[in-house]
Amino acid sequence: DVKVTQSSRYLVKRTGEKVFLECVQDMDHENMFWYRQDPGLGLRLIYFSYDVKMKEKGDIPEGYSVSREKKERFSLILESASTNQTSMYLCASSLPGQSGAGYNSPLHFGNGTRLTVT
Amino acid sequence: SQQGEEDPQALSIQEGENATMNCSYKTSINNLQWYRQNSGRGLVHLILIRSNEREKHSGRLRVTLDTSKKSSSLLITASRAADTASYFCATAPKAAGNKLTFGGGTRVLVKP
Numbered sequence: 001d002v003k004v005t006q007s008s009r010y011l012v013k014r015t016g017e018k019v020f021l022e023c024v025q026d027m028d029h030e031n032m033f034w035y036r037q038d039p040g041l042g043l044r045l046i047y048f049s050y051d052v053k054m055k056e057k058g059d060i061p062e063g064y065s066v067s068r069e070k071k072e073r074f075s076l077i078l079e080s081a082s083t084n085q086t087s088m089y090l091c092a093s094s095l096p097g098q099s100g101a102g103y104n105s106p107l108h109f110g111n112g113t114r115l116t117v118t
Numbered sequence: 001s002q003q004g005e006e007d008p009q010a011l012s013i014q015e016g017e018n019a020t021m022n023c024s025y026k027t028s029i030n031n032l033q034w035y036r037q038n039s040g041r042g043l044v045h046l047i048l049i050r051s052n053e054r055e056k057h058s059g060r061l062r063v064t065l066d067t068s069k070k071s072s073s074l075l076i077t078a079s080r081a082a083d084t085a086s087y088f089c090a091t092a093p094k095a096a097g098n099k100l101t102f103g104g105g106t107r108v109l110v111k112p
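Going line by line, the protein sequences match chains E and G. Under this note's numbering, the first residue of the first sequence is numbered 1, with each subsequent residue one higher. Under this note's numbering, the first residue of the second sequence is numbered 1, with each subsequent residue one higher.
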C-alpha cells in the first residue's frame, strides 16, 4: 500500500513565522500535491509537482511556496504565516496520467496537518 | 464556485439502508473520482469512472455517470456504521489543465 506521511498532525504557529510542512511518500510516485481543506470550501489545490524540482501553481498559491528536491519529498512553505492560513493541509501523491499531470490516476493522501496560526 | 457540487450536504440513515449522494459539475471532464474521508483523516480513493463509462461497481459501491446531465451518483448499499464519513467527488476538467477539483462533500451518518 502507498504510504503518504505528513510530519505533523497538529501545528500551532504565530503570525509572521515561517512554517514548513513536510510530506514523504514511499511508492516512487512522480506527482505530488498540496491541498488545503476548509469547512464549506472543500479541498483547494495550492501547488503540485510532477517531477523533481518541477512545480506548478494550483488554484490558491498566494502566500505559499513549495520545494521538491527529492522525488519522495514535497514541502509546503508558508513564508510568513497569517491567521487566514489556519486550515487542514493535505498532501497527496499519484502516478502520472496520460499528460503527466496525474488526472487519470487516483490520489493517495496523507492524514493531514491541522495548522493553527495565532 | 466549485467544479463539483455534492448533494445532499448531509445524510443520516439507519444501518442496512442504502445511501445515495449526487455530484454535479460544470464543464467537460476526462474522469470523475469518488473519495471517502473519515473524521480527522486524509481522503481515501474509492472509485474512478471515465467519461466514456456509464456505471461502475466496487463491492457495495455503485457509481453512475451521466455526461449529458453533467452528474454522477454514488450509491452505498446495505450501509454499515463504518461507512460513516464524508464523501467527495473529484473531477478532472478538460479545460483546467486536468487538475482534480473537489466538491464540498456529503457527510453521511449511519446509525447502528
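Hint data in this document are derived by calculation from the structure and do not stem from the laboratory. Take these hints with a grain of salt, some might be off.
Below, simulated DSS-like cross-link-like pairs (lysine-lysine); rule was C-alpha separation at most 30 Å, straight line [as the list claims (entries may be wrong)]:
| # | chain 1 | residue 1 | chain 2 | residue 2 |
| --- | --- | --- | --- | --- |
| 1 | G | K56 | G | K94 |
| 2 | E | K57 | G | K70 |
| 3 | E | K70 | E | K53 |
| 4 | E | K70 | E | K13 |
| 5 | E | K53 | G | K94 |
| 6 | G | K56 | E | K55 |
| 7 | E | K18 | E | K53 |
| 8 | G | K99 | E | K18 |
| 9 | G | K70 | G | K99 |
| 10 | G | K111 | G | K99 |
| 11 | G | K94 | E | K13 |
| 12 | E | K18 | E | K70 |
| 13 | G | K99 | E | K55 |
| 14 | E | K55 | E | K18 |
| 15 | E | K3 | E | K53 |
| 16 | E | K71 | E | K3 |
| 17 | E | K53 | E | K13 |
| 18 | G | K56 | E | K70 |
| 19 | G | K26 | G | K111 |
| 20 | G | K56 | E | K3 |
| 21 | E | K13 | E | K55 |
| 22 | E | K70 | E | K55 |
| 23 | E | K3 | E | K13 |
| 24 | G | K111 | E | K57 |
| 25 | G | K94 | E | K3 |
| 26 | E | K13 | E | K57 |
| 27 | E | K71 | G | K99 |
| 28 | E | K3 | G | K99 |
| 29 | E | K3 | E | K18 |
| 30 | E | K3 | E | K55 |
| 31 | G | K26 | G | K99 |
| 32 | E | K71 | E | K57 |
| 33 | G | K26 | G | K70 |
| 34 | G | K26 | G | K94 |
| 35 | E | K71 | E | K55 |
| 36 | G | K69 | E | K53 |
| 37 | G | K69 | E | K55 |
| 38 | E | K13 | E | K71 |
| 39 | G | K94 | E | K71 |
| 40 | G | K94 | E | K57 |
Note that the structure is predicted; figures quoted are calculated from it, not measured.
Please list, smallest to largest, the hint numbers that this structure does not respect.
Checked against the structure, the hints that fail are numbers 6, 10, 11, 18, 19, 24, 36 and 37, while the rest are satisfied.
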